[in-house]
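> Mind docking chain F on chain R? Use the hints.
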Amino acid sequence: MSIPGSGLLNGFATTWRNLFAPKVTRQYPEVRPTIPDRWRGRLDLIYDPFGEHKCEVCFQCAQVCPVEAIDMSGFDTQGNRIRYGMPEIYDERVDPNAYRRAGLAARPMRNPARWDDEVDAAFVRKLVEGYDARPEALVAIFGAVQARYGYLPERALRLISDLMTIHWAQVFGAAGLGGFRLLPSEGHLITVCSCAACRFSGGDALLAALREDLGVAPGESTADRGFTLETRPDVGAGAISPAIRIDTLVYGPLTPDEARHLVHQRREAAGSRAMAAGSPS
Amino acid sequence: MDFSLLLGIGRFVLATTLLLLLTVPTAFIIIYLELKMIALMQLRIGPNRVGPAGIFQSAIHGFKVLGKEDVTPDQADRPTFTLAPWMVFMAAAMSMLVIPFAPGLVAFDSEISVVYFFAIIGLSVVGLLVAGWASYNKYSLLGGLRSAAQMVSYEIPLTLSIVGVVILTGSLSFTHIIEWQRIHGWAVIWQLVGFPVFYIASTAEINRTPFDLVEADSEIVAGFATEYSGMRFGFFFFAEYVSLFIMSGILVTLFFGGWLAPWPFPAQLSGFAGSLYGLFWFILKTYIFVLISIWARATLPRIRVDQLMGMAWKALLPIALVNLLVTAAVVVIFKL
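Here the protein sequences line up with chains R and F, keeping their order. With numbering that gives the first Met the number 0 applied, the first sequence has no gaps in its numbers, which climb one by one up to 280 at the end. With numbering that gives the first Met the number 0 applied, the second sequence has no gaps in its numbers, which climb one by one up to 335 at the end.
Honestly, the hints are just simulated from the structure, not real lab data. Hints may be right or wrong, so weigh each one.
If we take Cβ atoms under 8 Å as the criterion, some of the chain R residues that face chain F in the derived model are [to be verified]:
no., residue
1, Gly10
2, Phe11
3, Thr14
4, Asn17
5, Leu18
6, Ala20
7, Lys22
8, Val23
9, Thr24
Per label pair, the in silico range of CB-to-CB distance [what the hints assert, rightly or not]:
no., chain 1, residue 1, chain 2, residue 2, range
10, F, Ala118, R, Gly6, 51 to 59 Å
11, F, Glu178, R, Tyr27, 52 to 60 Å
12, R, Arg157, F, Arg43, 50 to 58 Å
These figures come from a predicted structure and were not determined experimentally. Note that CB positions come from ideal geometry on N, CA and C, so glycine has one too.
Just chain F, same shape as in the assembly:
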């Protein structure tokens, strides 16, 4: 057997395992940050019992979920009901494969990683819709249909807004996009319109406040997750926070130079040290956007469903199209 093929398989297995393991602390950290930061913004103290300043609170939540009874409704469609959380979680975990954490620290450095990423992250809507359908509960179904309408609508401006970056950099590879930004500066400077469109659309795509109509507790109990309990519910919960991390990471990669430091990347740092340095900047920038999202959650009320759809089709889509046109024209005229 070809040794390089074996090496490739081994590398792939190792990378996927590591990424799957990475989702757990990532979700725990973000959930803790959310609990603590929202509490502070509401003049409360927040978690403070488990560990210093309550840092193990979210981990305890995770273990609590593991210990809970896993109930399946009597009328539920059992196979799909069981499969749905897995689909949602795997959509999030699989899209982590192409995230460029640092130079050389990419599980799957493909030429078309942008396409792969947006194809895989779009799969989660299937999981949510299946969960809503299989639960045999009207709130779940409403939540599932809302998620389908919302995520399908917002995928269009989301994808169109990054085409500007792709045209500028001339590549569908995240690594190339970052390398382009090393020379030309962060893409957000070139895409002052594309970035806000992407940010709003990505917030809607991962069902974060103020676009969390999918699981609007005050209207439809918990949406698609109404009938879920135990670790199956935990998977949805995990997927939500892992998606937040992933979307922030992709945002940083596409518009804020990914692993690049705000100042020129020191050339003498290469190999392992360079990877660590890049990882530091990537994680730092990503968590800044995670914190901004939490800040928004503490501030903004949920918008109505008609406002949500109107924004996607009447505002974001035209803006993204005009942005695309202008970017293409500039690239052609100035031969960038």
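Chain R with its partners taken away, still in its complex shape:
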């Protein structure tokens, strides 16, 4: 049994000892820690609150590596195969390895990568020259390219990188901003909101239901090219979460059954249109 008040005295003793203990504050601008010459900061690949790997294969680490020791390939969040480093190495590598590097479970791609689509080089060149190749115009240039193609083809990004002498990793990183697509969408574009509000209120269940119903993973299109599924954190409908966006219409709050119903409605409408188109013949 402890004596009443001994806890109080213990606390007072602790603060009294601390009064004379060495202080832990580091007075940063005057007193700087000694850092080894080759130190480039701490690399930390950790998991987000939903248990998913934070690495999005953005190549930023490869870009800052002082001895160019990092080369990588993998898949971005849209499922596109991307690579950084010498192509002759990566062309030899098989997909599972790249999946592993991206921290994803190996799965076959539904969308054949459209990275080799031809682009109108003159159009891109004229666009870049119109902005005097100013780096701050990068997002505006992306916007114009997406307005023409509906997405940002890899060839266009490569060309922009060359013309503006901006590092490819930076161009690619900027293209990962919200609002830009790296693949063309086919059919109805179904966007499941992946913002924190939507995910906490059941967005994951919606996504699982739609994945099952459509049979595709986010970033992929269905075999009949009727629907494209994607997740974005910017549907911007926190008040009606969990929300999804189909083409331009935002729906929410939804249960998985209601989400399935919305997809079925469109599927049936497409079917009746196909029948109407086919009936005269």
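Leaving out everything else, chain F in the frame of chain R:
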């Protein structure tokens, strides 16, 4: 006109002016001590930018407060909202009038200075309640009501605990109480129960940790001061630290011999030198208790409101009453 009356008025004006001016450095010093000492106890360095070891940090805070916009809420009761900080500050400043700093260094050496002191220091609760009411804000009102409940409750054990000293010394004058202690030793030796009761109650009376429920930031934003900004908030802030100084000073006067040195006061020191010597001991003892209060703030968590009230009515009040009874009995039986 009677010359002595004029002299009295002049003396009073001079003393009040000096005391009002004294509140500013006092608050600055205590705020700096608090910033620095709590920082050291939390293994931080604390203020270290403004002046050597950051000693001007609190003064800079004071000037910053002066330069801030003074906002009055739209729905606030303007006259009382403006008056409340003034009331709180004046309660603290006016009670300084009777504090015996040193022999001959008392602004108002009355026969009933103890009564005057506890009457005036109790006024600050009116200011806090008015501030809480006039702000038209539920947090402010909660803070104001808490302050009313707390300070009114703790005033009873606070006042009862010093009656023991008054019975022992047979006087309501701080000067006489100190003179009695010169002969009989510090009153804390005679009032081993009364002193802790007074210390706890006075800590609660000036809303210091662990009894700072009135402005509990983590519960009710800042209590009565929620809607205050600029120099009006500064007045509350000032009053809080000046009250800490005053309560420590009164504690020293009542229980630790006031301006008396721990050993017999040298008789050859009189006049100006005696005053300085007394002032030194008074300030030293007062700041020791200020530092103890800061130490407690760095250590103790805030207590709950039911614990607060229970302590006042179920513990401190009975103890103070028994102490009063025993003291009176001892004085009567042994004819002290």
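> Determine which of the earlier numbered hints do not hold for this structure and return their numbers in increasing order.
10
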